[in-house]
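Chains as they are written, first to last, in the numbering used here: chain A, 1 to 410; chain B, 411 to 747.
Hints may be right or wrong, so weigh each one.
Using 27 Å as the maximum straight-line C-alpha spacing, the simulated BS3-like pairs for lysine-lysine come out as follows [as the list claims (entries may be wrong)]: (1) B:Lys457 x A:Lys324; (2) A:Lys324 x B:Lys460; (3) A:Lys173 x A:Lys287; (4) A:Lys173 x A:Lys205.
One-sided and incomplete, this derived list gives chain B residues near chain A with beta-carbon spacing under 7 Å [to be verified]: (5) Gly459; (6) Asp465; (7) Thr538; (8) Asn703; (9) Trp718; (10) Pro723.
It should be emphasised that the hints constitute simulated quantities derived from the structure, not laboratory data. All of these numbers come straight from a predicted model, not from anything done at the bench. Idealized CB from N, CA, C, for every residue including glycine.
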Amino acid sequence: MADAGMLRFHVPEPEVRPGGTPDFSNVPIPKAGSVPRPEIDADPRTIRDLAFSIIRVLNRNGEAVGPWAGLLSSDELLAGLRHMMTLRTFDARMQMAQRQGKTSFYMQHLGEEAVACAFRKALEPGDMNFPTYRQAGLLIADGYPMVTMMNQIYSNEADPLKGRQLPIMYSSKEHGFFSISGNLATQYIQAVGWAMASAISNDSKIAAAWIGDGSTAESDFHSALVFASTYKAPVVLNVVNNQWAISTFQGIARGGSGTFAARGLGFGIPSLRVDGNDYLAVHAVAKWAAERARSNLGPTLVEYVTYRAGAHSSSDDPSAYRPKTESDAWPLGDPIVRLKNHLIGLGVWSDERHAQAEAEILDTVIAAQKEAESHGTLHAGGKPSTRDMFEGLYAEMPPHLRRQRQQAGV
Amino acid sequence: MPRRTMIEAIRDAMDVSMARDSKVVVFGEDVGFFGGVFRCTQGLQAKYGKSRCFDAPINESGIVGSAIGMAAYGLKPCVEIQFADYMYPAYDQLTQEAARLRYRSNGDFTCPIVVRMPTGGGIFGGQTHSQSPEALFTHVSGLKTVVPSNPHDAKGLLIAAIEDPDPVIFLEPKRLYNGPFDGHHDRPVTPWSKHELGEVADGHYTVPLGKAAIRRAGSALTVLAYGTMVYVAQAAVEETGIDAEIIDLRTLLPLDLDTIVASVKKTGRCVIVHEATLTSGFGAELSALVQENCFYHLEAPVARVAGWDTPYPHAQEWDYFPGPARVGRALLETMGA
Ligand SMILES: Cc1ncc(C[n+]2csc(CCOP(=O)(O)OP(=O)(O)O)c2C)c(N)n1
Ligand SMILES: [Mg+2]
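Chain A on its own, in the form it takes in the complex (with noise of 0.2 Å):
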C-alpha cells in the first residue's frame, strides 16, 4: 500500500551487529557450473542475468564443474596456489612487523587472495593494472621480488620509491602495475583512459581498473563507466565486493541497485558477478572479460564476490562493528582450502605437500624479510635520504626548491 503523508528517513543497516549471529542466509549463492558461459561477442541485451547471478566453479566436492571450467592446467592450478598462499604468509609477516613497529602501516588480503592472483594470470604482458591497496597479489602472481615490496612497506634505503610513499603504495611499470595513490576511485577513470590511449595508437594492450565496493560510490567511478561505455574501451573493469568498507557495510554504497555490478547496465556494459574466492572461476571470468577487451568489444564490468576476512587495515578492529565469528559464516569459503581441496582431487596434491609447501614458503618469506631488513626498517638501519624528499618532484628541480633544500642543508 501505498504510504502519503509524513515522510521516513531511509538508512540502510547490515543484517547483523556485534552481538548478534552471523547469518548469510539471505545470500543466495547460486550451485557451481549452474551459470552459462555466453560467446564474447554476445549482445549485452541478452546476458543481463549475469549480473545478478554468481558465476562459480569450483563445487562443495571440490570439481571444477560447468561451462566455465577446465581453462588451467594443474600446473597452473598449483602455481596459482602457492602464489596465494606466498600472499598470505608475506601478509601474516609483514602485520607483525607493523606490529612490532618496523613499519608505520599494513594491509592485508585475508580472504581475498584468489582475486588478485587469478586475475594476473588472465593479463598479457604490457596490460596494465590500475590497482588499489588490495591488489598485491598482481605482484606476487607475476614473480615481482618480494624483497622489494618489503623494502617499500619499511621505507628503508632499498626503498623504490625513495620514502616518498606510504608501505603497499607500490609501483611498478614493467610489472603492469601502476603506482597506488591512496585517494580512492581516481585511478578507475585513468584506467579508462590508458585503454583509450591504447585504442587511439592502435596497440592491442589492455587495461584493468581496480575498486572496492565502498569506494563505487565515488564519483569517478561513475565518469570511467561513461567513458568506458561511450568510447568502447579496451579495459575490464574490476569491482571487489568484499562485503565492507572499513566499518560500512557494502549496503550504504549500492543502496538499491541489487548488485554492484548491476550498475554496468545502465551503461550498456556487459556485467558479470563471481565468485571471488574460487580461483578458476575469477580466472575465468577474467581471461572472459580480457578477450572482449581485445577483441574491440569494448569494457566488462566483473564483481568479485568475497569477504575481508581481516581488519581493514593496521590501525582498524572489526570487533567494533560487525560479528566476530562473521568471517565463518561467510559462505563462499577460503580461497586457499577450496583450491587445496581441489587439487587433492586431482590427485596432483596432498594435505602434506600442503604442509611442506608452506613450511617452504614461510622459508622463503623469512628470508625475504631478512634481506629487506639488511637494508633498513622504518626507525632503524638504512634509510631514504633527506635530498630524496625533494628530488624527483619536477623532472627539473625548480630554482625554489633548490633553495629550501639548501635551507635545509642537504
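Fit chain B with the ligands to the supplied structure of chain A, relying on the hints for placement.
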C-alpha cells in the same frame, strides 16, 4: 572542570548542539554506527537516532553536496570528511556552491554547514593522511576557516561554527587529538588530562569565530601560529629563551587582524609558522598583512617557517615537519642573533 581530549571535546560540541537544536545532523564516512575512524562521533547515532547521525557512501562531493541541499531546506549539517586529504572531490561543491549560495541568491538561500576534517601530519600518514589544505579554503570568498589548537577551544569553536549562518571549514589537527604535540617526536606527549586547556566545561559555550588568543605574552617578537604549530612555537621560544609573544590565530578567516597588528607594532618583529607548504600558503597572506599594517614598526623582515614545497613524505616525516629547531633558528635570525 572535566578534562577532555580534543576528540571528546569535539564530540561533546556536536552532542550539545544536537541536543539543543533538532536541525543539527551529523554524517560522513564511518561516522554513524562506528562513530568515525577517529571516534569523534561515537555514541551520537545511539543517542540521536539514524536520521540525525548516519553513515555516508564514500563520496565526498556527495557528502558536501547533500549537506548544501539540507542546509537549503533548513537543517544544519555538520559533516565529516575522513581526512582533509580526501576533501578534493568535494572542492567543487565547497568553492562553487556552498561559498556562493547566499551571494548569488541574494540571501534567498543560505548554507549554514560545517565541514570537519582532520588535518596535518606527524602520524607517519604519508602523502594522503597528512595534508594541511587551509590556504585552499581561505582563498575562497564565502568560506570561513577555523583551526583549533586545544580541547577547550575546539568545543567552543565547533559550537560557534555550527551556529554560524555561513559555511565553515573546521580543520582538526589530528596530531593534537590526544595531547599538545610540540614537534619533539622522540619525547612522550603530555595528555590533555594534564594540560589546563584540556579543561572543557560541560554544556553550551562558544568561542567566537574571528578572535585570536595570546598564548604567551612577550615583547621581543611576535609568532603567528595555529593548530599544532602553536606548541612547536612554544617549544622553540622556550629553547631559544626569546621573549616572544605567541598568537594562536584559531580562526584564519575571518582573521583577528587587530590582535596581530597590536602585537607586531609592540614587538617590531614577526615570525609566521605553519605546517602547510610555503608557496602561496596562508603565511604569505599573513606576511603581506603585517607588512601593510606594521611596516614602519618592523625592525626585521617578516619570516616564514613552513613545510617544504614537496608532497608530505613518509620516511622523511621529521625532515619535512617544521619542528622546534627550524622555528628556533628563524626566531634567532629575526632577532638578529
Ligand atoms: C577519496 C577518499 N576518501 C576516503 C578515503 C578513506 N578510506 C580509505 S579505505 C576506505 C574504505 C574503502 O572501502 P572499499 O572501497 O570497499 O575497499 P576495501 O578497503 O574494502 O578493499 C576509506 C573510506 C580515501 N582513502 N580516499
Ligand atoms: Mg570493501
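Hint check results:
1. The hinted pair formed by Lys457 of chain B and Lys324 of chain A meets the criterion: a straight-line CA distance of about 25 Å does not exceed 27 Å.
2. The suggested pairing of Lys324 of chain A with Lys460 of chain B holds, with an alpha-carbon distance near 24 Å, which does not exceed 27 Å.
3. Proximity of Lys173 of chain A to Lys287 of chain A is assessed by CA-CA distance (about 21 Å); at most 27 Å being required, the pair is judged to hold.
4. A C-alpha spacing of about 13 Å is found between Lys173 of chain A and Lys205 of chain A, which places the hinted pair at or below 27 Å, so the restraint holds.
5. Residue-level restraint check for Gly459 of chain B is violated (minimum Cβ-Cβ distance to chain A is 9 Å; threshold 7 Å).
6. For Asp465 of chain B, the interface hint holds, since its Cβ comes within 7 Å of a Cβ in chain A; the closest pair sits about 5 Å apart.
7. Of the supplied interface hints, the one on Thr538 of chain B holds, with its beta-carbon coming within about 3 Å of a beta-carbon of chain A, less than 7 Å.
8. Checking Asn703 of chain B against chain A: minimum C-beta separation of about 27 Å lies over 7 Å; hint violated.
9. Taking 7 Å as the C-beta cut-off, the interface hint given for Trp718 of chain B holds, the closest approach to chain A being about 5 Å.
10. Because the closest C-beta pair between Pro723 of chain B and chain A is about 5 Å apart, less than 7 Å, the hint holds.
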